[in-house]
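In terms of my numbering, the sequence shown opens at residue 0 and continues consecutively.
Keep in mind that the hints were calculated from the coordinates and are not lab data.
Incorrect hints may appear among the rest.
Claimed, not checked - Label-pair restraints from in silico Cβ distances: (1) G120 <-> E145: 34 to 40 Å; (2) A184 <-> S135: 24 to 30 Å; (3) A184 <-> N153: 39 to 45 Å; (4) P165 <-> G100: 44 to 50 Å; (5) L180 <-> G100: 26 to 32 Å; (6) T104 <-> V132: 38 to 44 Å; (7) G154 <-> D105: 49 to 55 Å; (8) D105 <-> V24: 20 to 26 Å; (9) A62 <-> L128: 25 to 31 Å; (10) A62 <-> V187: 38 to 44 Å; (11) A67 <-> V24: 34 to 40 Å; (12) A55 <-> R99: 53 to 59 Å; (13) S135 <-> A188: 28 to 34 Å.
Yeah, the Cβ is synthetic: ideal placement off N, Cα and C, and Gly gets one too.
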Amino acid sequence: MPNDDGFDPTERSEYELTRSANIIVPMPPLRKARICGALALLGSLAAPLVATLPAAVREANFAGPPAATSLGVAAVALAGTIAAGGAGLGLVALQRRLARGPEPTDDAVWSFLAFEDALTGVGFVTGGLGVGVGLSLLASGHWGVEALAGLQRNGVEPYLRLSTVPVTPRLVTAVALAVGLAVLAATVAVDSE
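Modelling step: build the complete structure from the supplied sequences, incorporating the hints.
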């Protein structure tokens, strides 16, 4: 018997009913993918954040242009950007597979749900934390030299140079723009199918 609001549970597939009862984050995969794309796109703020640091901070912490300096925190932001973008593309692929059919069998339903939950965790947690922590530490110089000295006394070195892997804020910005826009474009393409 349909509800007064027009929702009829019998019109939903077995997969949708199982998903609605068992998924951790109750959002459609495309909405999750868009959030992941936005998180990845946030990583593009890396170069502007260090390029606009106050002169005193630049002189005390950088020998050259800050946006072209290889930094450990930039590697954290890059890892978060890639995690969010990869999870977003995975969620888009999952939505596309579900939309094209056939409906997953009883055994495959749980695999699909586990895959969606794993991608959501990677995108929201790993991606969100990586981008958030990386950008916060890159921006910490805007609080001034004294704030940086306080962070350093507590064992946090936001502008520690990374010599093993050349990850610059400029690279993070370029990758974030490419990955974030790719995820958002993929969501639009799948949504319009």
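Status of each hint after checking the structure:
For the hinted restraint 34 to 40 Å between G120 and E145, the CB-CB distance of approximately 38 Å keeps it satisfied. The hinted range of 24 to 30 Å is satisfied by A184 and S135, whose Cβ atoms lie roughly 28 Å apart. Here the CB-CB span from A184 to N153 is close to 41 Å, well matched to the stated 39 to 45 Å. In this structure, P165 and G100 meet the distance hint of 44 to 50 Å, their C-beta atoms being roughly 45 Å apart.
Under the hint 26 to 32 Å, the C-beta atoms of L180 and G100, about 29 Å apart, fit the expected range. In this structure the hint that T104 and V132 lie 38 to 44 Å apart at CB holds, the actual value being about 41 Å. For G154 paired with D105, a C-beta distance near 51 Å keeps the hint of 49 to 55 Å intact. Restraint check, D105 to V24: a C-beta distance of roughly 23 Å satisfies the suggested window 20 to 26 Å.
Between A62 and L128 the C-beta distance comes to about 30 Å, which sits within the given range of 25 to 31 Å. A C-beta distance of roughly 43 Å is found between A62 and V187, which places it inside the suggested range of 38 to 44 Å. Between A67 and V24 the Cβ separation comes to about 38 Å, which falls inside the hinted range of 34 to 40 Å. Between A55 and R99 the Cβ separation comes to about 57 Å, which falls inside the hinted range of 53 to 59 Å.
The given range of 28 to 34 Å is respected by S135 and A188, whose C-beta atoms sit roughly 33 Å from each other.
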